[in-house]
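There are 2 protein chains.
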Amino acid sequence: MKFDTIIHNGIIVTVNPDFEIIDDGIICVKDGIIDRIITKKPDQSGTESKEVIDAKGGIIMPGLINTHTHLPMTLFRGLADDLPLLVWLNRHIFPAEATHINSETVFYGSLLACAEMLLSGTTTCCDGYFHEHDVARAVHRSGIRAVLAQGVIDFPAPGVPDPVKNIETAVQFAEQWQAVSPLITPSIFCHSPYTCSDKTLMAAKNESSKRNLLLQIHVAETKTELEQIQTGHNKTPVEYLDSLDFLDERTLLAHAIWLYDEDIDIVQNRESTISVTTESEMKLASGIAPISKFLKAGLTVGLGTDSTASNNNLDMFQEMDMTAKLHKVNQLDPTVMDAKTVIKLATIEGAKAIGLGSITGSLEAGKQADIIILDTNAPHLTPLYHPESHIVYAAQGPDVKDVLVAGEVLVRDRKLLSLDAEDIMAKANEIGKIILK
Amino acid sequence: MKFDTIIHNGIIVTVNPDFEIIDDGIICVKDGIIDRIITKKPDQSGTESKEVIDAKGGIIMPGLINTHTHLPMTLFRGLADDLPLLVWLNRHIFPAEATHINSETVFYGSLLACAEMLLSGTTTCCDGYFHEHDVARAVHRSGIRAVLAQGVIDFPAPGVPDPVKNIETAVQFAEQWQAVSPLITPSIFCHSPYTCSDKTLMAAKNESSKRNLLLQIHVAETKTELEQIQTGHNKTPVEYLDSLDFLDERTLLAHAIWLYDEDIDIVQNRESTISVTTESEMKLASGIAPISKFLKAGLTVGLGTDSTASNNNLDMFQEMDMTAKLHKVNQLDPTVMDAKTVIKLATIEGAKAIGLGSITGSLEAGKQADIIILDTNAPHLTPLYHPESHIVYAAQGPDVKDVLVAGEVLVRDRKLLSLDAEDIMAKANEIGKIILK
Numbered sequence: 001m002k003f004d005t006i007i008h009n010g011i012i013v014t015v016n017p018d019f020e021i022i023d024d025g026i027i028c029v030k031d032g033i034i035d036r037i038i039t040k041k042p043d044q045s046g047t048e049s050k051e052v053i054d055a056k057g058g059i060i061m062p063g064l065i066n067t068h069t070h071l072p073m074t075l076f077r078g079l080a081d082d083l084p085l086l087v088w089l090n091r092h093i094f095p096a097e098a099t100h101i102n103s104e105t106v107f108y109g110s111l112l113a114c115a116e117m118l119l120s121g122t123t124t125c126c127d128g129y130f131h132e133h134d135v136a137r138a139v140h141r142s143g144i145r146a147v148l149a150q151g152v153i154d155f156p157a158p159g160v161p162d163p164v165k166n167i168e169t170a171v172q173f174a175e176q177w178q179a180v181s182p183l184i185t186p187s188i189f190c191h192s193p194y195t196c197s198d199k200t201l202m203a204a205k206n207e208s209s210k211r212n213l214l215l216q217i218h219v220a221e222t223k224t225e226l227e228q229i230q231t232g233h234n235k236t237p238v239e240y241l242d243s244l245d246f247l248d249e250r251t252l253l254a255h256a257i258w259l260y261d262e263d264i265d266i267v268q269n270r271e272s273t274i275s276v277t278t279e280s281e282m283k284l285a286s287g288i289a290p291i292s293k294f295l296k297a298g299l300t301v302g303l304g305t306d307s308t309a310s311n312n313n314l315d316m317f318q319e320m321d322m323t324a325k326l327h328k329v330n331q332l333d334p335t336v337m338d339a340k341t342v343i344k345l346a347t348i349e350g351a352k353a354i355g356l357g358s359i360t361g362s363l364e365a366g367k368q369a370d371i372i373i374l375d376t377n378a379p380h381l382t383p384l385y386h387p388e389s390h391i392v393y394a395a396q397g398p399d400v401k402d403v404l405v406a407g408e409v410l411v412r413d414r415k416l417l418s419l420d421a422e423d424i425m426a427k428a429n430e431i432g433k434i435i436l437k
Numbered sequence: 001m002k003f004d005t006i007i008h009n010g011i012i013v014t015v016n017p018d019f020e021i022i023d024d025g026i027i028c029v030k031d032g033i034i035d036r037i038i039t040k041k042p043d044q045s046g047t048e049s050k051e052v053i054d055a056k057g058g059i060i061m062p063g064l065i066n067t068h069t070h071l072p073m074t075l076f077r078g079l080a081d082d083l084p085l086l087v088w089l090n091r092h093i094f095p096a097e098a099t100h101i102n103s104e105t106v107f108y109g110s111l112l113a114c115a116e117m118l119l120s121g122t123t124t125c126c127d128g129y130f131h132e133h134d135v136a137r138a139v140h141r142s143g144i145r146a147v148l149a150q151g152v153i154d155f156p157a158p159g160v161p162d163p164v165k166n167i168e169t170a171v172q173f174a175e176q177w178q179a180v181s182p183l184i185t186p187s188i189f190c191h192s193p194y195t196c197s198d199k200t201l202m203a204a205k206n207e208s209s210k211r212n213l214l215l216q217i218h219v220a221e222t223k224t225e226l227e228q229i230q231t232g233h234n235k236t237p238v239e240y241l242d243s244l245d246f247l248d249e250r251t252l253l254a255h256a257i258w259l260y261d262e263d264i265d266i267v268q269n270r271e272s273t274i275s276v277t278t279e280s281e282m283k284l285a286s287g288i289a290p291i292s293k294f295l296k297a298g299l300t301v302g303l304g305t306d307s308t309a310s311n312n313n314l315d316m317f318q319e320m321d322m323t324a325k326l327h328k329v330n331q332l333d334p335t336v337m338d339a340k341t342v343i344k345l346a347t348i349e350g351a352k353a354i355g356l357g358s359i360t361g362s363l364e365a366g367k368q369a370d371i372i373i374l375d376t377n378a379p380h381l382t383p384l385y386h387p388e389s390h391i392v393y394a395a396q397g398p399d400v401k402d403v404l405v406a407g408e409v410l411v412r413d414r415k416l417l418s419l420d421a422e423d424i425m426a427k428a429n430e431i432g433k434i435i436l437k
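These protein sequences, in sequence, are chains E and Y.
Counting in the numbering used here, the first sequence runs from 1 upward without gaps.
Counting in the numbering used here, the second sequence runs from 1 upward without gaps.
Fair warning: there could be bad hints in the mix.
[Said to hold, decoys possible] Below, in silico cross-link-like pairs of lysine-lysine (DSS-like), each with a Cα-Cα straight-line distance of 25 Å or less:
no.: 1; chain 1: Y; residue 1: 30; chain 2: Y; residue 2: 40
no.: 2; chain 1: E; residue 1: 235; chain 2: E; residue 2: 293
no.: 3; chain 1: Y; residue 1: 427; chain 2: E; residue 2: 56
no.: 4; chain 1: Y; residue 1: 56; chain 2: E; residue 2: 433
[Said to hold, decoys possible] Derived Cβ-Cβ restraints for the label pairs, each shown as a range:
no.: 5; chain 1: Y; residue 1: 175; chain 2: E; residue 2: 426; range: 44 to 50 Å
no.: 6; chain 1: Y; residue 1: 437; chain 2: E; residue 2: 228; range: 56 to 62 Å
no.: 7; chain 1: Y; residue 1: 89; chain 2: E; residue 2: 18; range: 45 to 51 Å
no.: 8; chain 1: E; residue 1: 248; chain 2: Y; residue 2: 415; range: 35 to 41 Å
no.: 9; chain 1: Y; residue 1: 51; chain 2: E; residue 2: 228; range: 47 to 53 Å
no.: 10; chain 1: E; residue 1: 262; chain 2: Y; residue 2: 227; range: 31 to 37 Å
no.: 11; chain 1: Y; residue 1: 437; chain 2: E; residue 2: 24; range: 16 to 22 Å
no.: 12; chain 1: Y; residue 1: 89; chain 2: E; residue 2: 156; range: 54 to 60 Å
no.: 13; chain 1: E; residue 1: 422; chain 2: Y; residue 2: 412; range: 20 to 26 Å
no.: 14; chain 1: Y; residue 1: 227; chain 2: E; residue 2: 249; range: 43 to 49 Å
If you are wondering where the hints come from, they were derived from the structure by calculation, not from laboratory data.
Glycine included, every Cβ here is placed at the ideal spot set by N, Cα and C.
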């Protein structure tokens, strides 16, 4: 056979540099790679392939890139909501983590998250948590693509009771998973500039530089954090990190809400990237990241869901919709964050933000076959004038019909093939019952 | 048989005055009415009934109330987005309406909307448009509950080329549909205080009072409207309407974004009600309605989707999610608009806002059996700690499994029973092709 899989009979939203939309093309996949995208002609419809996927007139697009997650926390979905941040953290989330997060729960929580992400069209995620080895085991089993980092924090953490070992544990994780699978890229995740000392931050930076690892950090997430760092260091969080030489093109800043224009200049100069998690930031009332300013400054920005403890799902379609709408109303300008811009954030720009822009995030020959198909044969997606509009403003995770990662069909006709979803849900419900007690 | 339908094996979120949640109860329906809700006991599980619906552990809740729609505009879903308001209206929406809105397109557009609403758990909508007779025909066929109004505007409109006849046409519609079906409640819809003269507004008010009809109007939707009315009348839009005696407990104010505290006092004194359409208001960048102030003042507030031309779907679950999150981040307070409050807006408060609070909007004995069941057996709804949290923050329209209106099962296992969805979509696609030209 010439190809492993061909996908046809759909509208291909390539998200290539010209944002080309091909009305009735064929994507040919071989050895996990997009071999070519051809325009449909009668004599090519019989293109030889082991597997043929009929998009049935739907939308074929790059798999979505979730640039900021804490996968095991799916087990805390809806455990506590609508509370002041410190009450939520100190009385609900931290105690639940201290009591219930272990190697087994991390594994099953991550499997649950992978099932949810794949079924809603996410093909790549960028995670940071504890017991990350067990996250990686789950991710590996699911077949999703991921950047994974063991968390670093200067407090006792699940699996790392002695914070003196936080860097060492993170490096061990990175070394262990460096060459296990082409789908898994190790990374290091420092929790924040207020929970990691300058010494810890610099050590993490040093290890990331030595090993060429993406270095993730929560930064300027709340006004309280901004004020705390300003008081302690007489610098903004971004200025403070920059003073430690923490920022370069391998640094991913999650949230980045409370940034001054001068901070944006620093991020631009250092070529660091940003992950905006709109829904979580809204739900926790953290603030609104100045995303239009980021884009105007030419920063690389991706979208993420954050954890389901503060979202409460991992649906990147909702994330796109809410991101577009929030910034329109916040700036009282309906032209900002148009559909194409938002799709790019959720695909190619997100891929760039986590260091994978050359291999995923768009449908182009030579790239990994990370592809999703939306079933548009539904009243809420009818009629269809402009696919980019439907993707952002009308579609939802459950509209995803088929999902391929590196050419492997992981979801087919809304059925998850790589994992036993029923079994995972049963296990998650068991753990949930214990947590609720 | 003792009952027509019983629903069992689910978590019943009643939205009764105590917001009672019954973990494993049985809802017994007879003659379209909720006869009783009983707590499950072994000897009652065999309760005699013609039909038995197994909720399979899911969430059983009142059908959602969409308090502001323009159903035929589903045909314009995604036709134009991300444009300045006047460009969007004058170059896209108004020309499309002038050219393509007629008796037939209104009928099919409304069928499409009804299909979408029912499939996503909406059991009641409140509509205002033109050719409303054809909206009513579609609504009647679908089996959904609706408050329907022929639009009144002092310009030539589809089906009403001579605006002199706008009131007469609206009254004719109301008279014609007054007694056709217990599911259809006629109403009158004045477009706005800037597109209807004082004479028109007063005539509409007079007819609404005489016939006891809900009187709908868009009001204070944009800052431009506020300024225009202030310049023309030296009053805010609300003050202006009040000066015409337009406001009373039968008046529904749609949007109500640009209200001063004094306007809220007026609305409170007149006992008028409000429909907030969060997603549409965000997408059009109209502004953020002061919903917390409304609730503090004791106003009756419902949620609505507005039309799919500015949303771009009719999913009330998304509407709840976005409403909760928008106000949290806007007020930098995660405790505002908690899940229970938001559910009430989308159910019982919405029902009250459109005059149907005594018959629908909650699951209580004696009320109409307008009931939906959410399938929670999905990764994105696992685990389940608090059903109210899942309803607002994690669930989506496609999670709706079964829908009853007045006891009739209109959706069963995600299949629409009252309409032929495939046929409607085919027709809508045909019309869409003509519109796109």
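Hint check:
1. Y:30 with Y:40: Status holds; Cα separation ~18 Å.
2. E:235 with E:293: It holds: about 21 Å lies between the C-alpha atoms, which stays within 25 Å.
3. Y:427 with E:56: holds (18 Å)
4. Y:56 with E:433: Holds. Residue 56 (chain Y) to residue 433 (chain E) sits at ~18 Å (cutoff 25 Å).
5. Y:175 with E:426: 44 to 50 Å: With Cβ atoms ~57 Å apart, the hint is violated.
6. Y:437 with E:228: 56 to 62 Å: holds (59 Å)
7. Y:89 with E:18: 45 to 51 Å: violated (30 Å)
8. E:248 with Y:415: 35 to 41 Å: violated (54 Å)
9. Y:51 with E:228: 47 to 53 Å: violated (60 Å)
10. E:262 with Y:227: 31 to 37 Å: holds (35 Å)
11. Y:437 with E:24: 16 to 22 Å: The hint (16 to 22 Å, Cβ to Cβ) holds, given that residue 437 (chain Y) and residue 24 (chain E) are roughly 19 Å apart.
12. Y:89 with E:156: 54 to 60 Å: holds (59 Å)
13. E:422 with Y:412: 20 to 26 Å: holds (22 Å)
14. Y:227 with E:249: 43 to 49 Å: With a Cβ separation near 47 Å, residue 227 (chain Y) and residue 249 (chain E) satisfy 43 to 49 Å, so the hint holds.
Figure legend: structure checked against the earlier numbered hints; hints not met, in rising order: 5, 7, 8, 9.
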